[in-house]
Amino acid sequence: MSGVITTTAYREKMAEAARGGAAPPAITDIAFGTGTAPYTVDNTGLQAEFLRKAVASVTRSGLMVSAAGNIQGSEAVDKQITEAGIFAGTTLVGRKVFGIKELEVEATMDLTFDFQF
Numbered sequence: 858m859s860g861v862i863t864t865t866a867y868r869e870k871m872a873e874a875a876r877g878g879a880a881p882p883a884i885t886d887i888a889f890g891t892g893t894a895p896y897t898v899d900n901t902g903l904q905a906e907f908l909r910k911a912v913a914s915v916t917r918s919g920l921m922v923s924a925a926g927n928i929q930g931s932e933a934v935d936k937q938i939t940e941a942g943i944f945a946g947t948t949l950v951g952r953k954v955f956g957i958k959e960l961e962v963e964a965t966m967d968l969t970f971d972f973q974f
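If you're matching positions, the sequence shown starts at 858 in the numbering used here and goes up one per residue.
Since the hints were derived computationally from the structure, they do not count as laboratory data. Where hints are given, some of them may not hold.
For lysine to aspartate or glutamate, the following EDC-like pairs were computed, each having C-alpha atoms within a straight-line distance of at most 20 Å [said to hold, decoys possible]:
id, residue 1, residue 2
1, Lys-910, Asp-971
2, Lys-953, Asp-967
3, Lys-910, Glu-873
4, Lys-958, Glu-932
Small disclaimer: the values here were computed from a predicted structure and weren't measured.
Sequences and hints are given; from them, build the entire structure.
Laid out in structure tokens, this is it:
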């Protein structure tokens, strides 16, 4: 997934760092949920989170930061996945809402979020 707009909460942390305050927290986690509310920059979490785990990778190229993670079917038994989000500690960096994904137990769904700064 690409083109995620950074949340207001994370941009406020970046603005504070630019002012000379504490550095914003690093991206740490990916979360999955069953919520369907449209994403807005004012979101502070997923609508209906059921799983949060460490991201698989975070890379940077110029002003683009990519965060990747995945979910195993065994982590989503009987779940209809419709949202995912990237977190920096407890702060939501960005969220995506998508059509229902149901995974077989042996399946894996990989997601990449691209943030342009």
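Q: Run the structure past the numbered hints and jot down the numbers of the failing ones, going up.
A: Number 3 - this is the single hint that the structure violates.
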